[in-house]
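Undergrad: Spelled out from the first residue to the last, the chains are:
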Amino acid sequence: MIAAPKPDLVTVNIDGVDISVPKGTNVIEAAKLLQKDVPHYCYHPKLSVAGNCRMCMIEMGTPAFDPATKAPVTDPATGKQKINWIPRPQIGCGTTVSPGLHVKTSSSMVKDAREGVMEFLLINHPLDCPICDQAGECKLQEQATGYGRGYSRFIEEKNVKPKRTQLGPRVTLDDERCILCSRCVRFSKEIANDDVLGFVDRGSYSTLTCHPGKKLENNYSLNTVDICPVGALTSTDFRFKMRVWFLKQTNTVDIESSVGVNAVVWSREGTIYRLTPRRNDEVNDTWMPDSGRILYKQVAATDRLTAVKLNGSDTSLDIALHAAAALLKAGSVSIVGSGRASVEEQFLLKQLATATGAQGHLVARTASGDKLLISADRNPNVRGALVTGLISQLPCAELKQLSRDIDEGKIKTVVSHGEDLHAAGLTAALLAKVAVIYIGTHANATSAAANIILPTLHTFEKAGTFVNQQFRIQKFYAAVPAPQGATNDLVVLAKLVASTGTHTPASEVHALWPAIAAAVPALATMLYKNIPDTGLLLDATPWVGLPFVEGETLHYKPAAAIAAEAARS
Amino acid sequence: MATITVERKPLSFLERTYIPNIVAGLTTTFKRMIKPTETLQYPEQRPAIPLGYRGVPTLVNDPHGREKCVSCQLCEFVCPPKAIRITPGEIADDEPNAHVEKRPKAFEIDMLRCIYCGLCQEVCPEEAIFLQNQYSMTGFTRAEMVNDKDRLYELGGTLPDQHYKWDKKKSAAEAASHGGHH
Ligand code: SF4
Ligand code: SF4
Ligand code: SF4
Ligand code: FES
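Note that the protein sequences, when read in sequence, are chains U and S.
My numbering runs 1 ahead of the 1-based position in the first sequence.
My numbering runs 101 ahead of the 1-based position in the second sequence.
Worth flagging that the hints you see were computed from the coordinates, not collected in a lab.
Where is the CB? At the ideal position from N, CA and C, for every residue including glycine.
Among these hints, one or two may not hold up.
[As the list claims (entries may be wrong)] Sample of chain S residues facing chain U (criterion: CB under 8 Å; computed from the structure):
hint, residue
1, R133
2, P137
3, F178
4, P182
5, G190
6, E191
7, V201
8, E202
9, E227
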């Protein structure tokens with residue numbers, strides 16, 4: 002591979018400090034590198050620059066050159082090159098760095114400009130904060146506190162605009178709060194490719210609205226809520242549920258497809274209230290599909306399994322594990338793992354397969370991808386099963402081989418880790434021929450037919466890792482405690498492995514990792530605590546030949562597409 | 102350590118008779134016998150509550166009967182002993198106060214936790230929670246000592262309003278829909 006060319010660096014001077022930044026950087030980002038905050042509303046690092054809010058004003062100057070000779074002009078007072086300061090403030094978002102550019106981010110002219118912009122933004126603001134869901138994470142609140150004048154001189158009547166408008170199934174709009182920054186408009190057009198939002202009318206009548214006859218209903222609509230700097234766009238699902246300052250944030254990974262969108266779970270006292278994206282420039286930028294955000298509802302679903310069962314009646318975990326151990330010892334076992342399980346769980350399941358001489362299976366879950374942040378492979382962790390060696394080939398949607406084996410009487414016990422065997426093509430008649438051990442979270446046809454049910458935890462209740470389509474291993478953490486009656490998958494699996502008599506593996510993520518690193522070549526030299534929050538790319542060479550189902554998505558190109566491109570050039 | 106011996110003054114003759122001290126003591130006794138009594142026969146008699154007294158926190162209605170709390174949860178946040186528990190809720194579109202959008206579905210103050218600090222009253226942006234004159238809270242169980250929403254409004258009653266901000270908002274919106282100020 003050819004190393005990426007070193008980006009051209011440009012040296013600029015911000016508030017008297019020289020800093021080298023890549024060419025093309027704007028002043029807001031350059032100042033951020035110096036931990037200097039240039040307040041802004043309309044600028045968003047992943048959208049085009051609109052330059053309409055005027056909050057990011059800075060004072061700027063360029064080195065002086067003699068117009069005739071083009072020689073640098075020296076300032077006799079300092080002995081350095083003279084700086085021609087522009088007498089009016091400029092916008093920081095729309096100013097890209099140039100060599101020798103000088104910037105002041107907190108001069109009195111800048112402060113005046115900010116106070117003025119804040120005053121204009123607030124004259125028609127409804128001051129709805131007590132009933133506004135954005136309160137606590139609102140840029141207008143933050144910047145009014147940080148840069149506002151502190152009192153109002155506006156005695157005229159305020160604007161009246163539509164409130165409580167449903168823009169679509171998931172987004173509520175309050176036009177009085179909108180500061181017309183156009184972030185949502187640009188997002189819909191540039192990222193979601195669904196250009197439904199726009200402004201109508203002029204001046205102080207300007208109003209954000211949906212194209213007549215259309216709705217903001219694409220599967221990325223809630224990103225407009227995330228990027229709206231004020232409370233104009235709010236989530237209908239989260240509306241009036243809880244104040245954000247009560248919510249605890251836990252890093253997680255979207256479980257709906259192999260893209261592995263980085264996300265945050267927001268919970269209070271064991272209840273999850275919402276999911277939002279977490280920035281990862283290599284995976285999902287700052288976006289997340291709407292469909293991934295409602296998955297928190299699975300946690301408190303009514304069909305959660307919370308009772309350990311043996312042949313239909315409640316029992317204790319130890320008795321059920323004892324019965325399971327007897328079935329496993331009898332031999333003729335088959336193991337169906339899950340592409341939704343974590344790397345750690347798949348690793349233990351692989352050990353269980355080795356100890357019982359069973360073959361590991363996985364169930365594929367595919368649907369068409371959306372070319373953005375949902376891939377065709379709807380399992381978040383098929384690659385984890387490959388890496389841990391639970392499977393060596395890509396899974397199929399139906400367990401045909403297992404059906405045949407059961408039919409021929411070769412298999413007597415099937416262990417399913419969260420997979421509905423019935424949906425994977427095993428008929429009720431076939432399931433009746435074998436003993437089923439179901440380790441899972443929710444009730445389904447398989448749990449109904451299972452001899453032993455071992456209830457376990459949802460992704461948001463446990464820690465672990467997934468390997469996404471880029472072979473990037475990403476961590477997730479436990480956001481909420483488990484419901485009573487459910488046991489961590491790792492504990493259940495470790496006990497099952499131990500009951501086969503080979504060895505007793507650790508049943509906690511951190512303690513298990515040294516064993517994983519020792520046994521799995523692709524994960525050698527790694528420890529759970531050393532994986533960064535933005536993930537770590539694994540060496541994918543052993544699996545490049547496999548026909549993965551994913552098509553192109555944001556920051557991902559299938560190997561075939563890369564090869565085709567290379568052949569063309 | 103060095104020891105200092107303090108010399109004790111010998112008592113004078115009068116002091117040795119104890120008579121001045123007895124007279125002084127009896128003077129106080131007789132003065133109190135004539136003075137009006139200050140003891141309150143609680144609970145039949147109750148003290149007058151001074152202005153700004155911090156009694157039991159209560160929720161209030163405005164003179165038009167609108168519940169003022171919008172469940173912003175600032176009091177829940179500020180309450181030092183975490184005595185307040187609010188479940189926010191939405192006002193349905195067909196209700197008269199639909200323009201206020203938000204109100205508490207449930208509101209509980211645990212009076213076993215409350216320290217009568219008054220921070221909830223101070224922080225409330227809607228002037229909806231007041232520590233009023235009620236100072237005596239008793240109960241036989243812990244549950245009885247938790248004031249729920251109904252009880253809080255019963256204790257709070259109606260207080261005068263200086264702003265009527267939501268009424269003004271509603272009339273501005275009505276004027277706009279009739280072609281007034283946009
Ligand atoms: S709704 Fe929000 S994001 Fe959209 S223009 Fe208004 S303030 Fe900006
Ligand atoms: S008076 Fe103080 S302790 Fe009591 S509810 Fe209010 S904030 Fe909490
Ligand atoms: S009483 Fe006041 S501070 Fe407390 S939730 Fe209601 S409006 Fe907010
Ligand atoms: S952020 Fe620069 S004009 Fe809005």
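Undergrad: Which of the listed hints are broken here?
TA: Hints 1, 2 and 4 contradicted; others consistent.
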